[in-house]
Structures are given as structure tokens and as C-alpha cells.
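Participant: These are the residues of each chain, in order.
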Amino acid sequence: MNLTLKIWRQKDSKTKGQMVDYKVTDISEHMSFLEMMDVLNEQLINAGEEPVAFDHDCREGICGMCSMYINGEAHGPDRGVTTCQLHMRMFKDGDTITIEPFRAKAFPVIKDLVVDRSSFDRIQHAGGYISVNTSGNTQDANATPISKHDADEAMDAATCIGCGACVATCKNSSAMLFVGAKVSQYALLPQGQVEATDRVKNMVAQMDLEGFGNCSNTGACEIECPKGISLENIARMNRELLKATFKS
Amino acid sequence: MSVLDSKVPKGPLKNKWTDYKNHIDLVNPANKRNIDVIVVGTGLAGGSACATLAELGYNVKAFAYQDSPRRAHSIAAQGGINAAKNYQGDGDSTYRLFYDTVKGGDYRSREANVYRLAEVSANIIDQCVAQGVPFARDYGGLLDNRSFGGVLVSRTFYAKGQTGQQLLLGAYSAMNRQIARGKIEMHNRHEMLDVVKVDGKARGIIARNLITGEIERHSAHAVVIASGGYGNVFFLSTNAMGSNVSAGWKIHKKGAFFANPCYTQIHPTCIPRSGDYQSKLTLMSESLRNDGRIWVPKNMEDVMAIREGRKKPTDLSEDERDYYLERRYPAFGNLVPRDVASRAAKERCDAGYGVNATGEAVYLDFASAITRYGTEQAKIQNIKNASEAKIYELGQAIVEAKYGNLFQMYEKIVDENPYKTPMMIYPAVHYTMGGVWVDYNLMTTVPGLYCIGEANFSDHGANRLGASALMQGLADGYFVLPYTIGDYLSDDIRTGKISTDSPEFIEAEKEAKERLEFFVTNKGEHSVDYYHKKLGKIMWDKCGMSRNEKGLKEAMAEIKALREDFWKNVSVPGGMNEMNPELEKAGRVADFIELGELFAKDALTREESCGGHFREESVELDGEQKGEAKRNDKDFAFVSAWEYKGEPADAVLHKEELEFNDIELKQRSYK
Amino acid sequence: MSKFFTSSIGRKYAMALSALFLMFFLLQHFAINILSVFSPNAFNEASHFMGTFWVIQYVMQPILIFGVMYHFIMGFILEIKNRNARVVKYAKNNGSANSSWMSRNMIYSGLAILGFLVLHFIDFWIPEINTKYIQGDMSGLLVDGEGYRYYEELTHKFVNPLRVGAYVLAFVFLSLHLMHGFSSAFQSSGVSSMRKEKLQAFGKAYAIIIPLGFILIALFHHFNH
Chain A
18 MNLTLKIWRQ
28 KDSKTKGQMV
38 DYKVTDISEH
48 MSFLEMMDVL
58 NEQLINAGEE
68 PVAFDHDCRE
78 GICGMCSMYI
88 NGEAHGPDRG
98 VTTCQLHMRM
108 FKDGDTITIE
118 PFRAKAFPVI
128 KDLVVDRSSF
138 DRIQHAGGYI
148 SVNTSGNTQD
158 ANATPISKHD
168 ADEAMDAATC
178 IGCGACVATC
188 KNSSAMLFVG
198 AKVSQYALLP
208 QGQVEATDRV
218 KNMVAQMDLE
228 GFGNCSNTGA
238 CEIECPKGIS
248 LENIARMNRE
258 LLKATFKS
Chain B
1289 MSVLDSKVPK
1299 GPLKNKWTDY
1309 KNHIDLVNPA
1319 NKRNIDVIVV
1329 GTGLAGGSAC
1339 ATLAELGYNV
1349 KAFAYQDSPR
1359 RAHSIAAQGG
1369 INAAKNYQGD
1379 GDSTYRLFYD
1389 TVKGGDYRSR
1399 EANVYRLAEV
1409 SANIIDQCVA
1419 QGVPFARDYG
1429 GLLDNRSFGG
1439 VLVSRTFYAK
1449 GQTGQQLLLG
1459 AYSAMNRQIA
1469 RGKIEMHNRH
1479 EMLDVVKVDG
1489 KARGIIARNL
1499 ITGEIERHSA
1509 HAVVIASGGY
1519 GNVFFLSTNA
1529 MGSNVSAGWK
1539 IHKKGAFFAN
1549 PCYTQIHPTC
1559 IPRSGDYQSK
1569 LTLMSESLRN
1579 DGRIWVPKNM
1589 EDVMAIREGR
1599 KKPTDLSEDE
1609 RDYYLERRYP
1619 AFGNLVPRDV
1629 ASRAAKERCD
1639 AGYGVNATGE
1649 AVYLDFASAI
1659 TRYGTEQAKI
1669 QNIKNASEAK
1679 IYELGQAIVE
1689 AKYGNLFQMY
1699 EKIVDENPYK
1709 TPMMIYPAVH
1719 YTMGGVWVDY
1729 NLMTTVPGLY
1739 CIGEANFSDH
1749 GANRLGASAL
1759 MQGLADGYFV
1769 LPYTIGDYLS
1779 DDIRTGKIST
1789 DSPEFIEAEK
1799 EAKERLEFFV
1809 TNKGEHSVDY
1819 YHKKLGKIMW
1829 DKCGMSRNEK
1839 GLKEAMAEIK
1849 ALREDFWKNV
1859 SVPGGMNEMN
1869 PELEKAGRVA
1879 DFIELGELFA
1889 KDALTREESC
1899 GGHFREESVE
1909 LDGEQKGEAK
1919 RNDKDFAFVS
1929 AWEYKGEPAD
1939 AVLHKEELEF
1949 NDIELKQRSY
1959 K
Chain C
1227 MSKFFTSSIG
1237 RKYAMALSAL
1247 FLMFFLLQHF
1257 AINILSVFSP
1267 NAFNEASHFM
1277 GTFWVIQYVM
1287 QPILIFGVMY
1297 HFIMGFILEI
1307 KNRNARVVKY
1317 AKNNGSANSS
1327 WMSRNMIYSG
1337 LAILGFLVLH
1347 FIDFWIPEIN
1357 TKYIQGDMSG
1367 LLVDGEGYRY
1377 YEELTHKFVN
1387 PLRVGAYVLA
1397 FVFLSLHLMH
1407 GFSSAFQSSG
1417 VSSMRKEKLQ
1427 AFGKAYAIII
1437 PLGFILIALF
1447 HHFNH
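Protein chains in written order, with the working numbering: chain A, 18 to 265; chain B, 1289 to 1959; chain C, 1227 to 1451.
Chain A on its own, in the form it takes in the complex (with noise of 0.2 Å):
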């Protein structure tokens, strides 16, 4: 198939950037979206063009680098998958595609489509832990059980990728979801419970910091999230700092 595409172009942080618009032709369906990309890639560097830079790694959707805005939503319009998993398949012949990196003050442009999301790093250096030595001396794993119904959600929380797909879909710019997922996942957790007063304010502190929006629940975080962490986690984080603010 023959696409039009609308990328954005920024040539540093510092530059100002615009929409620019490429053709490419003889696409696959079965190719994945970042295939297209390398497509487009190959035709810009062979007419002597610098190519569109964009962050991917694994391709296979779990290492969260990907992170492009296709067609107003983030990873693009299908649910469940990453912009790497995402296949041509889902377009149609003559399609104007419009493509732009995820945006929010939190995660200023680096280059073209590529992003800077280090804001999460910080969050997580403000409290994502447990406190535990690396000794290999901890108690033994079956020391304490846990019911299986904590662990799994505390699983399911805890499959967070980190792309930042629902800071770039809330209308907000708000991290409540990747906060939350975190929070709750030690939240859950027996291990997690000495350090939870601290961890739920001081990740939520440096969140406002970094100026991330604040949450109106619309849910389309949870929509576009590629691996659906429930909103769930947000009102338990919610729970985790009211619980917080009391208890000190």
C-alpha cells in the first residue's frame, strides 16, 4: 500500500519543530509500523536526507522505548500492543498517517520523535524500592506466603512497561497510572508494607514536581495502555497516601 505520512521534525530540543510530510509506497501489511519506519529511514538516507529519529529497542513490546503518537493515540489505533507490535494491517491504501512524539511538559522532545522520560526515572529514585540489602542473606523466599490473589495483582501492576502511553494520552499529561502501578504493586506486597508511608508521598511528591497534570479519571490511560493496568491502581494509590497522611 501507498501512505502519506505527518511527521514531526525537531531537529534538537532547543529547535523549534514542525509537521513534515513524506510518502512511502509498496508497504506490506504484515509489516510492523517501526518497519515502515525503517522503510522511510532507508529512503531518506539514500536521497541524501537525515532520517526520522524515534526511540525503539526490543520489538516485541515489553522494553517500552517505543513511544510515538499515531493518529491522535498513543501506540497508534489498536489496544494491547506497543507501536512496535503494531502492524500496517491496521491502515488502509491512500491513508494519511499523522505521526508525533508523545508530549507533555514532563517529556520534553530530544529529537524528531524521540522523548526524554527520565521524569519516571526520578520518580522511582524517590521511593520504587524496597530497602533490602543485596546480601543474598534475606530470609528464606517461602518464609512468608502470600495469597496468591495479592501476588497476582500485585503481578498485574507490576507489568508496567514504563513507556509513558498514558502520560501521552491524558488529556492532562497526568502519571497517575505509572505512579500508581508502582505504588501498588508494593502496596500489595508484604515486603513493601515497612517503607509504604514514605514511598506513596515522596513518589508522589517528586511526581508533582516534575510537572506531570493531575488526574480527572477520564480512563484512557487504561484504554491505551499496552499492557491494560487497571485504573484500580490509581484509587489504590489514592487509598496508599490518604493512609499515609493520617498515619503520620
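The reader is advised that the hints may include incorrect statements.
[Unchecked claim] Below are the EDC-like pairs computed for lysine to aspartate or glutamate, each with C-alpha atoms no more than 20 Å apart in a straight line: (1) B:K1954 to B:E1895; (2) C:K1318 to A:D95; (3) C:K1424 to A:E249; (4) B:K1700 to A:D95; (5) A:K264 to A:D215; (6) C:K1229 to A:D215; (7) B:K1690 to A:D169; (8) B:K1298 to B:E1947; (9) B:K1822 to A:E59; (10) A:K165 to B:D1414; (11) A:K31 to B:E1502; (12) B:K1848 to B:D1817.
What the hints contain is simulated information worked out from the structure, not anything from laboratory work.
Keeping the supplied structure of chain A fixed, place chains B and C upon it in accordance with the hints.
Facilitator: Below, chains B and C without anything else, positioned relative to chain A:
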């Protein structure tokens, strides 16, 4: 006497590690504060090493080419992690895990290292649970296990199909704690360009900031390379797009020996290539072979009819199908080890029986499993005279519960419903057992330069068992390196800060810059990918699942020619003082091309078949095992460690003889 | 605690709490208004009680005014903050693919309700305050002295079709606001209404029945007088 000293401690196997730990030199906590360690790569091995080293008190500088340590490709591991916990009470033990790993590696690994790995495996699980890794649990709240290929016990711990992700996030969280404390200085989006040696010791690296293009000098008292495997030398693999050999190759060129480059694991159950545009291959968990039956059509007419779309696979009756694994290996059937299953698929496809347009695909069929489970369910639910459709429906529910996410992934990629029509699979490059040679301390042949995880060669011999890669990465990082590195660093407590203004740093930076300058100024004709794809084709055709002398010699010559062409005609757009993904790729592909040649040379030298390395000249000629791989323990029970001498073809071979005192060498048989 | 209410989540709680209070008030308001359809007398009695009972007048009324003001002001502050969290807007954004119109446009339905409240205050609250606290007439009786004035005042307001139209429109917006607001308030307070279907169904019913009821009351009086 070989120049290689493996430094394996004396004494009985099971006391070696404990005794060793009791006698090595330590650095006192006050002195650790004055010692810097550089870690390149932040996957399971690098990330866990960073966390432990920082916790011990060293100042760690960590480097990752991704935008966060959480993105390292360890994250993509699906199945699980082995540990000799014996929670299932099925007779597992440290010895049994050790034995299975050595046997699975086709007796080409170092006994002492593997035993230590098995020994610390149990600690890994304790550690990860304490960190909040949500492993699967049973209804009693205790940890669940599953079983994996090539072993007789259930010792694999897992977190759904995302074990690697959860373990990596665990290591990442341990790192975060140390980053918050200021003990780890994290350099994301940085790539190591070279290692710097001062007075023969590794004292730092040259790195490029991938956002600004700035070249930076970083010094330390020791350097740890944890940069993962080199499967991308084949262009198409299940590795991440950015996975590369550059760190490993750069240290090889500075004196670290490279061991067993030809040992590559080719995983049998991957989604086949669909066209020339393909950029990477996707793995489907090995667990699928528990219930799937692998086949191709018996008759060539049916193959053609299927390829042309005139027939569907479901149109073929049972006796028109060739269940070739069940035919060739009646004892193990579809559950033969990875290398055997892969070669058998290739054999059928080479004979022309491949079932898709590219001719490189076989079927993995769940119809009989669905029927079997359905019948069983009908009985359990007391449904009399269930219709075929009902049975299918019941069976499908069971298969969905077991493999639902994999089936869904397949359907997203291929756009076919694997419950209705058989899956298509084909082997793909997955893991590299070879890597930088290290001694028992995980130190390379360069003092102060360490190599851990998939990047080193140590524990898997010629073939890796499922769920062992995660185990090795975390063992090296959490529990082995942090001890052994102290032995070396104890001599460095009076050294003080290493200056980055020495001639060695200036020279290394200059060389690295010159290379980048060459790329951006050389206005050649071909893109970097053009060369990478060509290299991949040579490697796959001639150094892939089966190898022969003629092909390997051709490969060496072709890769050399490709290398010469690359340095003349490669074209890299953009500049070096900016984010430039093509420039990054150029550097990586340049190193892959050199490695490819050494790879072929290594494969050529090893005139035996072992594990993932299959030489067509070395097969059983008669008897029950006729046509199967033949290992040659008399002449080849050694590690090939290659010393760099300018051209890959001129590399000098050093042999580390492998001694097996606790295990008897046996031929593998799956008939 | 002060830190809590300046955090993003604390503000959500505050928005939710004020919303829950306002929804309770709305229910109470509706209960009294509906009396006017069935029994002018009962309506008058209830109105007089509400208008003169000190707890209502001096405790609940200030709380209500604070709640309304807080909900509006905080709503605007959050909206501005949220808009600032994305400096460059998307060239193409397909919001309807993943969220409801109501949830994305709370600020607009809120503004429509604010407009209505201004009208409502001019219509009822200011005359009421004037009569009671400036003129000092706490009797609640009509000027000519025959019975309470509340029902008369109510029906009088619904004569003008333009005003009735504005009321109807405002309540449509209120319905849209509540459609998202009800479950959102529970989700924000940590009760996951998105998951608890019964609560969500109740919210939907509330968001339709209450505003529709107000509309019907307005229409009833318009066409009966």
C-alpha cells in the same frame, strides 16, 4: 602451559566457593568510598552488579545506551529462572542443577563456575522475593514452579510470561535505591566507545553521550562489562535492535581474549520471517512444545498447494503429514532440546518442505492437544456424547488458559488465529553462549577488566538450558562479582582518584573521535543496514544451524570483503555532535563485521559438533544415532580463547583445557 | 496534612469531597422542589423550615457556599495546571477513541453550571437574603399576608419561557457533568467505582434522574401557571 589461568580454587568442588570467599582479600568500608567502578550495561548482570557494588560502598558509574536501565533486553526473557530450591520435593539439589547445566551445555563449560552458579541460585530467589518481585504463587501462598526442557525436576520460578521483566525491574529498583543515595551515578543514553588501559590495567572508558554527541572520559579503578550477547551479528535475531557486541569487541581489541564465539543458540519456536523488510524476530516460549506437535506435509504437491493458497494445512489428513520430530526422536518427540529441534526444522525446510512463501516455516499444531484436553474436560464435567465442536470448545479453553498470551501475540503479528489453523514457526538466533573469556573471578585477561552475564563465555558451555540465562546474570551481578572484585581492588586502596588527563585517555579519545569523524564524512553509497543485512545473510547461510569447512572458509573470505567495502562505501547521514542513531549503528555494525569473521574462524577450528555448534563433517555414521551430532571429547574438550592480533583472521588460539572430575562425559541421546 | 492538600492527589480528594457534598445537597434540594409538584403546602412548610432553621442558615449555608466556591475555583486551578502540563499540543488527537466526551469536557459543563448558578442566585438567593436579612422579614409570609410566599415565588419564576429554556439547558449540562463526576468522585476518593458496576449504575441513574426531575419540575410549573 597455556597463558590462560582459570584461577579455579583447589579443593573439592562443593567447598571451592565457600573456601575461596573465606580467603580472598577484602576492602574495608572506609576505603571502598575511595574506589570507583565503572559498569557498562545495566541488564540483569550489570544492574544487579551496580546495586551490590554500590551497597558495599564503592562509587559506581553505570552506563546504558537506552534511556533507562529498565529497558535492557533482559526484560524480554519470558519463561523463568532456575534455582535449586527443591520446593517441590522432587529430588532437586545443587548437584543436580549443576549436572543438568553441564550436560545441557554438552560438556563444554567449566565445572567450578557452573557449580558456584548452582550454589548461589537459591539465594537469588530469596533476594528477589525480598525485593518485591511478584513471582507466581500457588493457592497456599508459596512459590510455584514449572518445568523446562532438558531436565527432570520442576525448578523454574516464573512471573507469568514476563520473568525477565520482573527480575530486571527488581534489579532496577535496587539500583534506584543506590542512585537515590548517590552511590550510583547513572549515565543513560551513553555508549562506551573504548576501554582505557593505564599501565596494563583497565582504568576507564571513553563514552559518547548519545543525546549531545559529546565524547566523555570516565575513569575508575576497575571496569565491568555487562553488555549482553552478540546475536545481532546475524542481523535477524530475537535480540533488541540496539543489542551489540561493541563493548566486548573493544576490550577484545585491547587484550581481552574472546572465547567460543561460534557457540550460538538458535531457538526453535520463533515466528517466521514474513519478508525482506523484517527487522527482528519474535520468540514464542519453549513451553509451547509441551502441547504443540511439529509437522510439515509429506508430499511436495501439498507443500506447493499450501504456499499457493490452494490448500489449507487443516485440509491435510494425518497420513499426509510428517511429524518429523516424533518420527526421528520417538523417545523425546517434540520435546527434544533446542539445538536438535532447530536443526530438524532446517533439515525439512532445506529439503523444500517449508510451508510459507519464504520456504522457512514449519507447523506447530495444537489441534490434537485441544481435542485431548476437550475430551478430558467433557469427562470431568460429565458431558455425555459431546459434539466435536463442544469438545473443541472445551479444549480450547484449557489451551487458552495455558498459552493465551502467546496465542494472542502470534495472532497480532501474523493475523491468523492459531486456535483454528496451526501456528507457523522457524528457528531464530536467540542467545550467544560464547563471549569474553573470564577466569573464576570473572576477570578477563586484562587486569581490572571484568565481564559478566551473557557478555562472558562462562557457564553455559556449547548450549544453554532454558531459564538459565537469568540465573547466570543475577548470580554474576548480585553474588559473585561483588566478592571477587574486592580481591583485585584491595591493592588499589592507596591509588587515589584516576586522572582522565593521562596520555592514555587522550589517545583513546582521539581514536574514538577519528572513527566517528570517518563515518560522518565518508559519503559512501550504502546505508549501515545494507551492510548489516549482508553480514547477517552470510552468517545465517554459512555459520548458522549447520556448518561445514567449505562454507566457513567462504564466510571468512566474504566477511573480509564486506568489511573492506564497508570502510570504503558506508554512508552515515547527520553529524557527530548531535543525536544520530545511524552513527551509533555504524559503530556497532563495524564491530559485528569483525566479530563475524572471528566467529567463522572459531567454527572452522572446532571440528566437532557440540551443543549449538553443528559441523556437518562430525556426525555419527552408523548405529542408532546415525546422522546425529558427534562430539569429540578427545580433541576438543577445551575452551577456545582468541587473542586479537590485528585482523580477525590472524587471531591466535589459546586453549583452556576442560577437566571433568565430578561428571562423567556422555553422549546425549534423544532417540 | 497541609502538604497533602497541596499535592495532586490531595486536590483530587478535595474536589471529590466537595463534589460529594454538592451531590448530597442537590438531592436534598430536589426532594424539596418535587414537593411543589404534589403539594404547595408541604413545599411551603419545608422551604420555611430550611429558610429559618439556624443550623441550615448559619452552619450548612456557609459550608455550601464554601463548597461551591471551592469546587469551582479548584476546578479552574486544576484545569490551568493541567493545560500547562502539555506545552505543545497534538496536531491530531483522537480523544473519543479512549474516553467519553463528558470526562474530557468537565470544565465546559462546569462553566455552564456556573452560568446557571449566577442566574439562580439572582432569581432566588439574592431576593431571599434581601427579604430575610436586609428587610428583616423572617415571617416567610406573602406581603398581603395570606400564607407562605415560597410557592408563589417559585411559580412566578417559571412563567418566562426563556428562563425555563435556560434552566432546562443548564440541567442538561449538569447531567453531563454528573455522568462523569459521580463515579469520578468515588474513584478519586479511592473507592474504585469504575470497577464496581453497581455504584457506577447508580451514578448513571443519579446523573439522569435528578437533573431530569428538575427539568420536569420547571416544565410542570411553566405549563400549569
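Participant: Each hint: holds or not?
Facilitator: Hint check results:
no. : hint               : result
1   : B:K1954 to B:E1895 : holds (18 Å)
2   : C:K1318 to A:D95   : holds (16 Å)
3   : C:K1424 to A:E249  : holds (16 Å)
4   : B:K1700 to A:D95   : holds (10 Å)
5   : A:K264 to A:D215   : holds (10 Å)
6   : C:K1229 to A:D215  : holds (13 Å)
7   : B:K1690 to A:D169  : holds (15 Å)
8   : B:K1298 to B:E1947 : holds (13 Å)
9   : B:K1822 to A:E59   : holds (15 Å)
10  : A:K165 to B:D1414  : holds (18 Å)
11  : A:K31 to B:E1502   : holds (17 Å)
12  : B:K1848 to B:D1817 : holds (17 Å)
In terms of the numbered hints stated before, the structure departs from none.
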